[in-house]
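Undergrad: So the sequence lines, in the order shown, correspond to chains C and W. Numbered per the numbering used here, the first sequence spans residues 1 to 467. Numbered per the numbering used here, the second sequence spans residues 1 to 283.
Don't read these hints as lab results, they were simulated from the structure. The structure displayed is predicted, hence computed values, not measured ones. Note that beta-carbon positions come from the ideal geometry of N, C-alpha and C, so glycine has one too. Keep in mind that the hints are not guaranteed to be accurate.
[To be verified] Reference listing, derived: stretches of chain C covered by chain W, where coverage requires no fewer than 3 residues with Cβ under 8 Å from a Cβ of chain W:
1) 172 to 185
2) 240 to 250
3) 256 to 269
4) 293 to 307
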Amino acid sequence: MAEKMNLNRVPMPKQEPKVRARNFKEVAQGYTPEMALEEAKRCLQCKKRNCVEGCPVNVRIPEFILALREGRMADAVKELKTNNALPGICGRVCPQETQCESKCTLGKKGAPIAIGRLERFVADWERALPSSQKPPTQIAPPTGKRVAVVGSGPAGLTCAADLAKLGHKVTLFEALHVAGGVLMYGIPEFRLPKEIVQNEVQYVKSLGVDIRLNSVIGKIDTVDELLAAGYDAVFLGTGAGLPMFLNIPGENLNGIYSANEFLTRTNLMKAYLFPEFDTPIKRGKKVAVIGGGNVAMDSARCALRLGAEEVYIVYRRSREEMPARAEEVENAEEEGIIFKFLTNPRKFIGNAQGWVTAMECDEMELGEPDASGRRRPVVKPGGGITMNVDTVVVALGTTPNPLVPSTTKGLETTKKGTVVADEATGKTVKDKVWAGGDVVTGAATVISAMGAGKRAAAAIDAYLKGR
Amino acid sequence: MYKILYREDLTPNIHLFKIEAPAVAKKARAGQFVILMVDEKGERFPLTIADWDRKEGSVSIVFMEVGTSTQKLAKLKAGDSLYAFIGPLGVPTEVEKFGTVVCVAGGFATAIVVPVAKALKQAGNKIISIMGFRNKDLMFWEDKLKACSDELIICTDDGSYGRKALVTEPLKEVLERKEKIDRVIAIGPTIMMKFASATTKPFGVKTIVSLNPIMVDGTGMCGCCRVEVGGKTEFTCVNGPDFDGHKVDWDVLMARQKSYTDEEKRSLALWQEMCKSRMGGKA
Numbered sequence: 001m002a003e004k005m006n007l008n009r010v011p012m013p014k015q016e017p018k019v020r021a022r023n024f025k026e027v028a029q030g031y032t033p034e035m036a037l038e039e040a041k042r043c044l045q046c047k048k049r050n051c052v053e054g055c056p057v058n059v060r061i062p063e064f065i066l067a068l069r070e071g072r073m074a075d076a077v078k079e080l081k082t083n084n085a086l087p088g089i090c091g092r093v094c095p096q097e098t099q100c101e102s103k104c105t106l107g108k109k110g111a112p113i114a115i116g117r118l119e120r121f122v123a124d125w126e127r128a129l130p131s132s133q134k135p136p137t138q139i140a141p142p143t144g145k146r147v148a149v150v151g152s153g154p155a156g157l158t159c160a161a162d163l164a165k166l167g168h169k170v171t172l173f174e175a176l177h178v179a180g181g182v183l184m185y186g187i188p189e190f191r192l193p194k195e196i197v198q199n200e201v202q203y204v205k206s207l208g209v210d211i212r213l214n215s216v217i218g219k220i221d222t223v224d225e226l227l228a229a230g231y232d233a234v235f236l237g238t239g240a241g242l243p244m245f246l247n248i249p250g251e252n253l254n255g256i257y258s259a260n261e262f263l264t265r266t267n268l269m270k271a272y273l274f275p276e277f278d279t280p281i282k283r284g285k286k287v288a289v290i291g292g293g294n295v296a297m298d299s300a301r302c303a304l305r306l307g308a309e310e311v312y313i314v315y316r317r318s319r320e321e322m323p324a325r326a327e328e329v330e331n332a333e334e335e336g337i338i339f340k341f342l343t344n345p346r347k348f349i350g351n352a353q354g355w356v357t358a359m360e361c362d363e364m365e366l367g368e369p370d371a372s373g374r375r376r377p378v379v380k381p382g383g384g385i386t387m388n389v390d391t392v393v394v395a396l397g398t399t400p401n402p403l404v405p406s407t408t409k410g411l412e413t414t415k416k417g418t419v420v421a422d423e424a425t426g427k428t429v430k431d432k433v434w435a436g437g438d439v440v441t442g443a444a445t446v447i448s449a450m451g452a453g454k455r456a457a458a459a460i461d462a463y464l465k466g467r
Numbered sequence: 001m002y003k004i005l006y007r008e009d010l011t012p013n014i015h016l017f018k019i020e021a022p023a024v025a026k027k028a029r030a031g032q033f034v035i036l037m038v039d040e041k042g043e044r045f046p047l048t049i050a051d052w053d054r055k056e057g058s059v060s061i062v063f064m065e066v067g068t069s070t071q072k073l074a075k076l077k078a079g080d081s082l083y084a085f086i087g088p089l090g091v092p093t094e095v096e097k098f099g100t101v102v103c104v105a106g107g108f109a110t111a112i113v114v115p116v117a118k119a120l121k122q123a124g125n126k127i128i129s130i131m132g133f134r135n136k137d138l139m140f141w142e143d144k145l146k147a148c149s150d151e152l153i154i155c156t157d158d159g160s161y162g163r164k165a166l167v168t169e170p171l172k173e174v175l176e177r178k179e180k181i182d183r184v185i186a187i188g189p190t191i192m193m194k195f196a197s198a199t200t201k202p203f204g205v206k207t208i209v210s211l212n213p214i215m216v217d218g219t220g221m222c223g224c225c226r227v228e229v230g231g232k233t234e235f236t237c238v239n240g241p242d243f244d245g246h247k248v249d250w251d252v253l254m255a256r257q258k259s260y261t262d263e264e265k266r267s268l269a270l271w272q273e274m275c276k277s278r279m280g281g282k283a
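If we strip away everything but chain W, and leave its shape as in the complex, we get:
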């Protein structure tokens, strides 16, 4: 079993779990993901690795409560265990000395951008980071991203902290500076990655995105996570999750992400009903 060693609530609905998983910790690298199951009846779903500690044998994940699986996960406390925890899966993010790299983080994906920015910084790159949140209350890890960035630009949709802007605005401005930008890493909600890629395209700067399609096994077996990149079908779980954002067919990805919208609603309603009746029973 995979024990939760530590839990931290980064915001009311974004949580960090440090999981005991020495075999995964031993090999984890920035950009890779794990597949987990909360309980025996749960879904297998992917989460990108936020941090790891090889000595302690732990892997940290950060997730936002969205549907049944993440809400179930959020009910767990330190000391509880996960039913399954598999990784490290996928190809690690390409890390070498590119020169100047812009790291764009959208919302809770900041947790995944941090290890990537850290690795790129260690490889000798100059890091300009842009982080965007809907509002100030949803923000976390400003300090962590700052620590591995030469420059950090913060924006919120409503202007409650930093600039009032979407990440694409400062991204465009950075690209318009005289400075040569060698690579952009953009990780966040699919729509943000799509627009970040559209923003960088006219500048011809290679842009890496980390895709998040629906997965089942995560090892190349089912093909549920297939995406179209440069006109070719790729399995995100084994050939990704990082791809060239200029080549991704975003419409196919977004349509496939909505495959189970109705079922997800039904499942969530049932789960919330169950939680309510359980609470009622106790009172």
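Same shape as in the complex, but just chain C:
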């Protein structure tokens, strides 16, 4: 071991900012085998597995990295998939910097090992294999129990996959015409190619999960009717799909979108390929995106790729308070997104045809910390600014869709509309019903939803086996 440890991680190739700002192809292009090997060599294989503890689904990180660097790729896949049914997705969209990578021993002296990039490399290696050569997954013998999973986003897919592996018969209900939830309608193609999502959905299907698309639970059967029809347990992973608006004058003018609508048209309905695809979207020249989270970054970067000349992120607090991942903010800035901090819209102005033309904003300053611990933005007295815009995307966050909670008897919900469930097990107060992901926590991350789906699957399995 004469070789000196490299304290820097191997960088991942990315499309040039100027080029990528005008296409929907994936920004980060993944490691080559040589890069992956070089990065994997940096892993210290610590006895105390801090990285695993930092992962909401406890991916067997040291094991998969070891297999990878020893050239045992099939083993690397197996280790990775033991606890994570969706590695191609997690490798791309997990905030590793605050989870597994933040616990890495290497991080004390240099850069932590790039776990996410290696995860992605292994998942992509498997995806490229012909199906006959893919490492098989062990599925337990049938238990004869049936579980209904409602919602096919990250929580639902994970819960369904784990239960299927344990031998239960799982039906997964999805309201939209494709499975994947927010992974399909929300996260853009350039960050998470839809082919990768569908590939992982196929994997979940291959475990025996029966996916029923176009099925809005609460409108077709209710949860109670599912139970009456013989399902032994129900998991609710219906997410946080209801958009919040500013509730200020002029918000219903044409050209003002919720981020959900803007992203759904763009990603799910492929409006960026209009008119080859039938769903249109307004291709604004001057676009303002309101909000400072990942969804705001995604919306702004989509607007740019749709051909906007100027795209603004308008955020009422300052840079430090932005909830978006640092990497996404950096990507957005590189591409030319303009940040307007301490600015908050108070009124939209439209033309005679009902289209938005401008946005009046208050200038803000930071006051005392609020409940979130961040300094509260307060209106600076006097003045304000007017921004000329032809498209606005409101990305203030989402709350749970009440469709299922409101049609399910005996479910407890909070004022925010979230379903009350035990954090460790996902158990709700209603008999035979579990819940997890954004419907319980409010809008959060893909991986935390997956963690909740996983814990609920374990709890449901224990219940079904009478333990």
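Based on the hints, put chain W in the right spot on chain C.
TA: This is chain W only, laid out in the frame that chain C set:
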């Protein structure tokens, strides 16, 4: 897949499709709608349910050829399938014994008024129906509406059948009669619903309209269908499509319906070009 079990051309450009969709049929009620997609590249667009048969597991929709999506849909035959068919969405029309209800149907919306009138009739109401079409050739379902109405008034814009009038004229006359009218249901083109609501307002009769804004998901997720009712923003897909016509901000609705006029023209021109070249290829 959602098989087309039966197709009927009610007029040259208004069609009825009976779709195999047992889960939707099981729960469908008057006033609710479905979202459908013709093919993988298609739009998600809403159509109000015209009829259903729980035993057969079918749902019927009636649509008029307008843009790309409805023209694509009209190309399908019995035996073909739709790519997606989601429902029943929205809140069903409020049905109880009100007394006397006037049901106003404008154009192809007659197909949606019929199940509502039927349900209201079954609930014990006296039904006075008014149906209006541009001309005689565009008319359909006179018999169906008649069957669930105590009185049926027909008018056409050009006088080619029934009275020469817009629906608002007989509506006003009915309201001026000595008889107490407890509720009006007006469903049709937005402009007709706007004027029907304006007609009933001075009489103080509660008027329910079924709004038809642009939608994407139809389950409360996107907010594309937001409308202003009584100064409040409502999502038509989950809180409607029925609203109090006296409280709807019709200007906002009509402006929002025109959000994609240019794109719709472009899309339609492309589709028609494609149809032409395909026909040419065959010949």
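Undergrad: To test your reading of the hints: which numbers does this structure violate?
TA: Those not satisfied come down to hint 4.
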